[in-house]
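Kindly produce the complete structure, drawing on both the sequences and the hints.
Chains as they are written, first to last, in the working numbering: chain A, 205 to 482; chain B, 151 to 243.
Mixed in with the good hints there might be a few duds.
[To be verified] The following label-pair restraints were derived from C-beta to C-beta distances:
| id | chain 1 | residue 1 | chain 2 | residue 2 | range |
| --- | --- | --- | --- | --- | --- |
| 1 | B | 192 | A | 317 | 24 to 30 angstroms |
| 2 | B | 235 | A | 298 | 47 to 53 angstroms |
| 3 | A | 432 | B | 187 | 25 to 31 angstroms |
| 4 | B | 189 | A | 356 | 39 to 45 angstroms |
| 5 | B | 198 | A | 378 | 56 to 62 angstroms |
| 6 | A | 268 | B | 237 | 28 to 34 angstroms |
| 7 | B | 221 | A | 454 | 44 to 50 angstroms |
[To be verified] Simulated coverage check for chain A against chain B, where a stretch passes if three residues somewhere in it have a Cβ under 8 angstroms from a Cβ of chain B:
| id | region |
| --- | --- |
| 8 | 262-270 |
| 9 | 395-407 |
Treat the hints as calculated values from the structure; they're not laboratory data. No residue lacks a Cβ here, since even glycine has one placed at the ideal position from N, Cα and C.
Here is how the chains run, residue by residue.
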Amino acid sequence: MASLVGVYASSHAPLIIRGWKDISLANQRELSSAMTELGRRIKAARPDVLIVISPDHWVNFFINNLPSICVGMGEMHEGPAEPWMKECPYKKIPGHPQLASHILQSAIEGDFEPSVSHHLTLDHGFCIPLWKGGLDPLPPIVPIIFNDLEPPLPSVRRCLQWGNMLAEAVRSYPEDLRVAILATGGLSHSIGEPTMGEIDEPFDRECIRYFQKGDERPLLEFLNDRLPTIGNGAAEIRNWVAAHGAAGKRGFDLIGYCNCPEVYVGCGFASWNLGARA
Amino acid sequence: MRDYWLSKLFFDLQSSPALGEEYRADRKKILDRYPLKPEALAAVESNDVAFLASRVNPYLLRFYFVVAGMPEKEFLAKVKTAGADAAARSSHG
Numbered sequence: 205m206a207s208l209v210g211v212y213a214s215s216h217a218p219l220i221i222r223g224w225k226d227i228s229l230a231n232q233r234e235l236s237s238a239m240t241e242l243g244r245r246i247k248a249a250r251p252d253v254l255i256v257i258s259p260d261h262w263v264n265f266f267i268n269n270l271p272s273i274c275v276g277m278g279e280m281h282e283g284p285a286e287p288w289m290k291e292c293p294y295k296k297i298p299g300h301p302q303l304a305s306h307i308l309q310s311a312i313e314g315d316f317e318p319s320v321s322h323h324l325t326l327d328h329g330f331c332i333p334l335w336k337g338g339l340d341p342l343p344p345i346v347p348i349i350f351n352d353l354e355p356p357l358p359s360v361r362r363c364l365q366w367g368n369m370l371a372e373a374v375r376s377y378p379e380d381l382r383v384a385i386l387a388t389g390g391l392s393h394s395i396g397e398p399t400m401g402e403i404d405e406p407f408d409r410e411c412i413r414y415f416q417k418g419d420e421r422p423l424l425e426f427l428n429d430r431l432p433t434i435g436n437g438a439a440e441i442r443n444w445v446a447a448h449g450a451a452g453k454r455g456f457d458l459i460g461y462c463n464c465p466e467v468y469v470g471c472g473f474a475s476w477n478l479g480a481r482a
Numbered sequence: 151m152r153d154y155w156l157s158k159l160f161f162d163l164q165s166s167p168a169l170g171e172e173y174r175a176d177r178k179k180i181l182d183r184y185p186l187k188p189e190a191l192a193a194v195e196s197n198d199v200a201f202l203a204s205r206v207n208p209y210l211l212r213f214y215f216v217v218a219g220m221p222e223k224e225f226l227a228k229v230k231t232a233g234a235d236a237a238a239r240s241s242h243g
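And the structure:
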């Protein structure tokens, strides 16, 4: 039987790559240290497969065909297409069609209706945390794209249920496999909106406290109440919620938080403690 | 509401660096390939961020102006003003 050996979350601000030299030394140090520690923890968990939940930033999908949630079951995925990601070492990224297929089957049996892709391009959302975490070579990746960008977005509640279902799918996978989950995106930021560049650190800190407390209902109420009032990038916290659901309400450990105006993002990095119930 | 062809133009431009380069060299040549409504075409030609912001996804809007070569500070200022204009319009019914 497969086991869930780690659950993680990480921001993926493009300017970490595209504008690194413009970031203050203090923030560079903070970001580097958090991303390195996140990578260290993932490596220490020795996953055979990594499920990565990220939005698609207009790379695979457009408004002529826009899935709410898409599972990538390709044998091989393409590395990032963004020209500014050309230094990224991942040109081709191996998939794990067997686990992806099992997740899809578990989803359908659990009354979820995911979209499917046999060939995805994994953009910066997927690749920045892996790259900067020093995961090279990469374990095979099962990418899951959540639509966090273009309304209507999946509900926060549904994302939590997706996380619960993912954990069950991992547990019921018949082969011996170590599986970890990484959710990427968030925390507060605003892209292409009048509030672009604004970071809501009080929101981020409060959000982190809800993850730390663990209880799902207050977390969902907080997010349902607050997400519509802040920048669009915070919608990606849906992915963190899925990770939270997968981790089963066990302890949340903040690796780092950096209010980093140079990258327009309140950057958060975390892992869930799967060892003991909080 | 989304303007489909405007969104498609922005999507295509940010998807293809070669197309982006072609666009910066000769906007008209690329714009002719898209069945844009006259008001959308005029907004693209005049870099009317406020008009465009109301018709495309904000991420696509941001990507488009990166491709189009608008300096970041100018884009930030224009998108902020666009928000203030929209708020003023909605408060006046």
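Checklist entry - Looking at the structure, which of the earlier hints fail to hold? => result 1, 4
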